[in-house]
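Protein chains: 4
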Amino acid sequence: MTSSRLEAFSDGVLAVIITVMVLELHVPHGDSVQALWDATGVGLLTYLLSFVYVGIYWSNHHHMFQVAEHVDGAVLWANLHLLFWLSLFPFSTAWVDESGVARTPAVVYGVNLLAAAVAYYLLQLAIFRTTGGDRLRSALGGDWKGKLSPVFYLSGIGLAFVEPWLAEVCYVAVAMIWLVPDRRVERYLAAERGGSTG
Amino acid sequence: MTSSRLEAFSDGVLAVIITVMVLELHVPHGDSVQALWDATGVGLLTYLLSFVYVGIYWSNHHHMFQVAEHVDGAVLWANLHLLFWLSLFPFSTAWVDESGVARTPAVVYGVNLLAAAVAYYLLQLAIFRTTGGDRLRSALGGDWKGKLSPVFYLSGIGLAFVEPWLAEVCYVAVAMIWLVPDRRVERYLAAERGGSTG
Amino acid sequence: MTSSRLEAFSDGVLAVIITVMVLELHVPHGDSVQALWDATGVGLLTYLLSFVYVGIYWSNHHHMFQVAEHVDGAVLWANLHLLFWLSLFPFSTAWVDESGVARTPAVVYGVNLLAAAVAYYLLQLAIFRTTGGDRLRSALGGDWKGKLSPVFYLSGIGLAFVEPWLAEVCYVAVAMIWLVPDRRVERYLAAERGGSTG
Amino acid sequence: MTSSRLEAFSDGVLAVIITVMVLELHVPHGDSVQALWDATGVGLLTYLLSFVYVGIYWSNHHHMFQVAEHVDGAVLWANLHLLFWLSLFPFSTAWVDESGVARTPAVVYGVNLLAAAVAYYLLQLAIFRTTGGDRLRSALGGDWKGKLSPVFYLSGIGLAFVEPWLAEVCYVAVAMIWLVPDRRVERYLAAERGGSTG
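Protein chains in written order, with this note's numbering: chain A, 1 to 198; chain B, 1001 to 1198; chain C, 2001 to 2198; chain D, 3001 to 3198.
Source of the hints: derived by calculation from the structure; they are not laboratory data.
Partner residues are not named here, just some residues of chain B that face chain C (Cβ under 7 Å, in silico):
hint	residue
1	Arg-1005
2	Val-1013
3	Glu-1098
4	Thr-1104
Think about it this way: if two alpha-carbon atoms lie no more than 25 Å apart in a straight line, the pair counts; the simulated SDA-like pairs of lysine to any residue are:
hint	chain 1	residue 1	chain 2	residue 2
5	D	Lys-3147	D	Leu-3122
6	D	Lys-3145	C	Ala-2074
7	C	Lys-2145	C	Ala-2173
8	B	Lys-1147	A	Trp-77
9	C	Lys-2145	B	Gly-1073
10	A	Lys-147	A	Met-176
11	B	Lys-1145	B	Val-1169
12	B	Lys-1145	B	Leu-1189
13	D	Lys-3147	D	Trp-3077
14	C	Lys-2145	B	Trp-1077
15	A	Lys-147	A	Leu-125
16	D	Lys-3147	D	Val-3172
17	B	Lys-1145	A	Asp-72
18	D	Lys-3145	C	Asp-2072
19	B	Lys-1145	A	Trp-77
20	D	Lys-3147	C	Gly-2073
21	A	Lys-147	D	Gly-3073
22	D	Lys-3147	D	Gly-3158
23	A	Lys-145	A	Gly-158
24	B	Lys-1145	B	Ala-1115
25	B	Lys-1145	A	Ala-74
26	D	Lys-3147	D	Arg-3187
27	D	Lys-3145	D	Val-3118
28	D	Lys-3147	C	Trp-2077
29	D	Lys-3145	C	Gly-2073
30	B	Lys-1147	A	Gly-73
31	B	Lys-1147	A	Ala-74
32	C	Lys-2147	B	Gly-1073
33	C	Lys-2147	B	Trp-1077
34	A	Lys-145	D	Gly-3073
35	A	Lys-147	A	Leu-159
36	A	Lys-147	D	Trp-3077
37	A	Lys-145	D	Trp-3077
As the structure is a computational prediction, the values presented were derived from the model and not from experiment. Yeah, the Cβ is synthetic: ideal placement off N, Cα and C, and Gly gets one too.
Take these sequences, add in the hints, and give me the full structure.
Right, here's the structure in full:
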């Protein structure tokens, strides 16, 4: 089985998630800058953060399936499991926003991020087991970003009990780490091509 | 006619259905765990169940069109008929949720599941009739899951009149049966390749 | 330019339109069959009708681009023009529904159908002009369905001033005409293949 | 890396954006033409304008990636950056509409258009740097439309302080400029084919 339809479906789900979140931004009641700020101040920031997270997942997903082209039933379900947690982003984002970054919503947002990270890790494991999965394992190498992220999420969840905004700082930090372009897959594919031609 | 655009359109519709359901989860009124529970207690469970059902349909649909690559007008409309019933999932899911699993909504949810199963069966029949449809027939074999599911749905609909939660148990049971990976198509394709090479 | 991305984008838009309409179905206030009927009685019928219309447009669009594989700027915009009118279906459907099939909404729904039909016709003309457009012209032949539909839409708009339900009958009649599978393109492609091989 | 999945994801996001905007059109309270006008008078115009803008971006995006087929991490993120600003169109469109074209919303709408134009320009720059990016540079040539648009957006933002409707006139003017089909890419590809065959 090729991965093309799995990618198409995932693209569709991620495209809807990333766009549906904007529906949670309330149109301001009034015409002033103040009304805009009241309606979207925190909302726009949490929207931006969640948009970046979905973007990161899409980008990583895209890279992962560039290397792993064969999928089986386990990969299908590991992928749906990941999409499930990502599909809750609009909900947990909206709650953080509407509560004005309160403690429980900040914890729940962190748990959602953590669950998505775990689901992504399980998807990697499922691909490792398919034929050709070794290529992905070689391409990813040490994967320090993947190992560091859960530590930050857990720190964020813990810090939310002290001050919810500190949790958001942790979540933003992880996004920053991933925003730095990840060239492992590109380098691996380039090396592979180099090896086969040279 | 190839099936690629039919698959792309179906992927799009299923991707929207699966994501639109999360819009029915209400953002909690308040910042506490209690508020989260009040807002989503049952909602999250019904959301999860419907997410799994759409995932099962996507996965089966994907497998089916791996074997059946030629489509005609009858297949197009049988497919749209299936998508119609699946598109009502967000509605019937929301009603079960908002009613706190009351009797009529549990019956309607079961009828929706049953109608989708019948539509899926009709789609299979439509594919059987196309050129190359025999391949799908061979791949599916006895199809005991497809035959057992309607029995469970009907039992669920009946049990809803005794106790709505028993209906939900039936619906969850069917989902569990399908979650066990279905290797018929994969095995068939592997055997076919084996036969043609050996 | 090939038509593949135009088809993918159109599929995406049609998939969202067809699914977004279900969001206009209100979850019943109450757990009874009566509440379901109050909330969705007319709504479910108008939803079904609009679902069928979007399905017809998708199916015809799919057939049309099977024959016409080359697109230019004029085709791109003629296609966006068609998608614009189709994107208003959720709005005009919801108004017919919420008004309980009143006169003005029934007229507006008919105007929307008529505008979409005109846009589809303009898209056909734009494709006729591209290289290879003659193939589509040959495949479509007399196109009596395309010529009859506007007559029915105009009759529906006129009859809405007498009795809005009569307008709906006209709109349903057109849908029935198109539901009968349209084999022109399939036959044409089969004949073409036959001609080139025999 | 090929651009096909980036295009598919962008198509998905743009398809959702263009369709989600229609959800902001409120169903009229009443059955009369007056009620329709009250509910959608300005709304339909702003919807049409935003629909045309998303159509223009889709069409340009489509042309751009016809020439630039190789993408790297920088292109991925430049593309997501563009999608972010486009995803705010439903929000800023709804605010212009609900405020009845007031000053601040008209300014915010212009800022949104300007930000999208800047993001599009950055995406072009990112593609110029990839292997094969020179082809896009040659195809685009002087790009006077791309240079003129920001001037109009800034004029619109300025004029909004005098009279918000003048801002809308500027935004409509830019849309008109782009609606005239842009044949640069088509001509370039035709010339390239001509050059390689003749």
